[in-house]
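Student: Okay, here's what each chain looks like letter by letter:
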Amino acid sequence: MKGKLKTSTFLILLFCILFVIAVPMVFHGYSLMVVNLSLIYAITTLGISVMLGMGGQLSFAGLAFMGAGAYFIANVCTGRLGFKMATLPALLLAPVFCGILAYVLGLILLKLKGTFFTFATIALVQVSFSFFMNYRPLFGGPDGISGIPSLSIGNYSFSSNNKMFYLLVVILAVVALIVERIRVTKFGRSLASVRDNDIAALSLGVNVYMTKVKAFTLSGVLGGLAGALYAMQGNFVASDLFAYNNATQFIIMAMVGGVNNTFGSIIGSVLITVLPEVLRSLERYLQLFYGLAVIVLMVFMPMGLAGVFKQLAKRLKMKKKTSSKASEGVIK
Amino acid sequence: MGLNVIITCLLNGLAMGMVYALIAMGIILLIRAVGVLNFAQGDLLMLGAYVTFALKVDLKLPLWLMIPVALLCFCAIALIFMFSIYWPLRDASYPAAIIIGTMGASIVIKEICMLIWGGLPLRMPPLLINPETGGGRLITIGNVNLQWQYIITGLVGAIAIGAVFFLFENLYAGKMLQAASQDKFAAELIGIPTMITIAATYIISISLACIGGYLVAPIFTVSASLGTLLLRAFAGVIIGGLGNIKGAIIGSLIVGIIEAFASVRLSTYKDAVIFLVLLVFLVVRPQGLFGTTIGDKA
Numbered sequence: 001m002k003g004k005l006k007t008s009t010f011l012i013l014l015f016c017i018l019f020v021i022a023v024p025m026v027f028h029g030y031s032l033m034v035v036n037l038s039l040i041y042a043i044t045t046l047g048i049s050v051m052l053g054m055g056g057q058l059s060f061a062g063l064a065f066m067g068a069g070a071y072f073i074a075n076v077c078t079g080r081l082g083f084k085m086a087t088l089p090a091l092l093l094a095p096v097f098c099g100i101l102a103y104v105l106g107l108i109l110l111k112l113k114g115t116f117f118t119f120a121t122i123a124l125v126q127v128s129f130s131f132f133m134n135y136r137p138l139f140g141g142p143d144g145i146s147g148i149p150s151l152s153i154g155n156y157s158f159s160s161n162n163k164m165f166y167l168l169v170v171i172l173a174v175v176a177l178i179v180e181r182i183r184v185t186k187f188g189r190s191l192a193s194v195r196d197n198d199i200a201a202l203s204l205g206v207n208v209y210m211t212k213v214k215a216f217t218l219s220g221v222l223g224g225l226a227g228a229l230y231a232m233q234g235n236f237v238a239s240d241l242f243a244y245n246n247a248t249q250f251i252i253m254a255m256v257g258g259v260n261n262t263f264g265s266i267i268g269s270v271l272i273t274v275l276p277e278v279l280r281s282l283e284r285y286l287q288l289f290y291g292l293a294v295i296v297l298m299v300f301m302p303m304g305l306a307g308v309f310k311q312l313a314k315r316l317k318m319k320k321k322t323s324s325k326a327s328e329g330v331i332k
Numbered sequence: 001m002g003l004n005v006i007i008t009c010l011l012n013g014l015a016m017g018m019v020y021a022l023i024a025m026g027i028i029l030l031i032r033a034v035g036v037l038n039f040a041q042g043d044l045l046m047l048g049a050y051v052t053f054a055l056k057v058d059l060k061l062p063l064w065l066m067i068p069v070a071l072l073c074f075c076a077i078a079l080i081f082m083f084s085i086y087w088p089l090r091d092a093s094y095p096a097a098i099i100i101g102t103m104g105a106s107i108v109i110k111e112i113c114m115l116i117w118g119g120l121p122l123r124m125p126p127l128l129i130n131p132e133t134g135g136g137r138l139i140t141i142g143n144v145n146l147q148w149q150y151i152i153t154g155l156v157g158a159i160a161i162g163a164v165f166f167l168f169e170n171l172y173a174g175k176m177l178q179a180a181s182q183d184k185f186a187a188e189l190i191g192i193p194t195m196i197t198i199a200a201t202y203i204i205s206i207s208l209a210c211i212g213g214y215l216v217a218p219i220f221t222v223s224a225s226l227g228t229l230l231l232r233a234f235a236g237v238i239i240g241g242l243g244n245i246k247g248a249i250i251g252s253l254i255v256g257i258i259e260a261f262a263s264v265r266l267s268t269y270k271d272a273v274i275f276l277v278l279l280v281f282l283v284v285r286p287q288g289l290f291g292t293t294i295g296d297k298a
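These protein sequence lines map, in sequence, to chains G and A.
Heads up: the first sequence at position 301 corresponds to 301 in the working numbering, and the numbers run straight through without jumps.
Heads up: the second sequence at position 259 corresponds to 259 in the working numbering, and the numbers run straight through without jumps.
Accuracy of the hints is not assured; some may be wrong.
[What the hints assert, rightly or not] Here are some of the chain G residues that sit facing chain A, going by a computed Cβ distance under 8 Å:
hint : residue
1    : Ile108
2    : Thr115
3    : Thr118
4    : Tyr156
5    : Tyr244
6    : Tyr290
[Stated by the list, open to error] The calculated lysine-lysine pairs, modelled on PhoX-like cross-linking and capped at a C-alpha distance of 25 Å, are:
hint : chain 1 : residue 1 : chain 2 : residue 2
7    : G       : Lys111    : A       : Lys246
8    : G       : Lys113    : G       : Lys186
9    : G       : Lys113    : A       : Lys246
10   : G       : Lys113    : A       : Lys184
None of these hints come from the bench; they were simulated from the model.
It should be emphasised that the depicted structure is a prediction, and the values quoted were computed from it without experimental measurement.
Glycine is no exception: its CB is placed at the ideal position from the N, C-alpha and C atoms.
Build the full structure now, drawing on both the sequences and the hints.
Tutor: Here is the structure:
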């Protein structure tokens, strides 16, 4: 069992190293920026996967927090509010700000259950979008906010797509490791118990409500971090990214890769963001195929791509076992 | 704000609210019967608008022929939708899979409409045409001008909703539908074919949305953006109460009226006003206007 686990982590590691080496060689300029965006989206998607995969709560709010994070940076780093903050502390503050926001909203919204919580998060996305779109003093209105400085540490500035790419890979890896680690903590296990059966969880002494609030806060923190990185990567924030349609996109990203799988969420967001750029020639039919693919994927593999790999691995293992058993002459 | 503006807003808001109610009712019926939150309901409304546009403008069918043909088309759409999205996914190991399936369906429906009818908005002639201007006919009461289309929308919506209520409360078939949605297993035990009742629920809820599409098509234009009306219906569903059909209808009407008044004073923040009211409702009265403490089934 342990050896098996090690090979899978080894494979993932190998894949990551190949990814880091190959991507800057294949993609340049605009397409590298798309890859960067996909990595940023992956952070938000991880937040969604904490809520949906680990906690079983379908939440659209990740995108609203991403917007909050992006506009936080846009306001704090450009001097719109009368002061100008250095980029590094702002990058660290944005997730904290969004985390507090998410905690307060979570306390209110998580009194609702299941579908109605989902509705409430949709409302949140709508409200935030219409403020981002229209309120000029803070959010720049329809024009958005431009001139956001790139992230710089000391005198070193992450101004090119190339530099940003390596930084994002590191940040994403750290976030993924944290999420993966949370899975086996007390909090992660109580979250899973809430997902599987909240009454049983309650009777075992899990504080269902606060566990969900914590998960929501975590997704807010991740959303805020992603938003902050988004603002610094493009040096520009506009409201159209934070519309409701894109919120469904993020949920689909989480589901396509595998909803309860950290690596799967990353694969999902990279696939869904980068693939349309690669398949530009099919533009007219791309969205149609995309929708069909989502349906087919859900019909045949509801646990996403990661689920398929797991099943394949299981089957291979079963085959090995049965064949070895057969050779030993054991009949089950 | 003069009295005539208030009356116009109120009536137009009620008419739009009725459209949201048609969507909301479909959503609640599906949640109660099969536990599926249907994200494609708004796009089905849009599809209804396109289908009726094709029948009325492209094929130039007269109204008496168009209505039954349109209803048959709606039934076919509902059955296709059910057998492609719900049926293969009903035993999925992860309940969110089916919801994501409806999101996929929403993209597919939108794209098919764009491919067939193109991306430009189409103009649907109103039901009652003013022969002089070619636009919608107006009705003047006192010094208040109202469009007939709004009044027809409100009335037809009310009739459709009333018919569904009559079906559920007074007819044997409706009782069967209710029984099947309350406890599928027990209903099967006493010989109710749940597959047929589920199909019937899909037909009812999707036809409601499509009828809504036909009604709003002359008010807005026929375009892919009709799908966004779904969000207002969501708001109505929560304001009304958890899983309560009557509540959802009243909630949708409230949303329509709020929207009508908000677009007079705060038109850019129209959406924000609606959804802020919604969030306030969630804080102050999370169970909604008519909510009971019964948990939701989804």
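Student: Are the hints correct? Go through all of them and say.
Tutor: Results for each hint:
1. For G:Ile108, the shortest C-beta to C-beta distance to chain A is roughly 5 Å, which falls under 8 Å, so the interface hint holds.
2. Taking 8 Å as the C-beta contact cut-off toward chain A, the hint placing G:Thr115 at the interface holds, the least distance being around 4 Å.
3. For the restraint placing G:Thr118 at the interface with chain A, the shortest Cβ-Cβ distance is roughly 7 Å, inside the 8 Å limit, so the hint holds.
4. The criterion of a C-beta within 8 Å of any C-beta in chain A is not met by G:Tyr156, whose closest approach is roughly 41 Å, and the hint is violated.
5. For G:Tyr244, the shortest C-beta to C-beta distance to chain A is roughly 6 Å, which falls under 8 Å, so the interface hint holds.
6. At a threshold of 8 Å, the smallest CB-CB gap from G:Tyr290 to chain A is about 6 Å, leaving the interface hint in force.
7. For the hint pairing G:Lys111 with A:Lys246, the CA-to-CA distance comes to about 23 Å; that is within 25 Å, so the pair holds.
8. Under the criterion of a C-alpha separation no larger than 25 Å, the hint pairing G:Lys113 with G:Lys186 is consistent with the structure, at around 23 Å.
9. In summary, the hint linking G:Lys113 to A:Lys246 is supported, as the alpha carbons are separated by about 20 Å, within the 25 Å threshold.
10. Proximity of G:Lys113 to A:Lys184 is assessed by CA-CA distance (about 22 Å); at most 25 Å being required, the pair is judged to hold.
Checked against the numbered hints given earlier, the structure breaks only hint 4 and satisfies all the rest.
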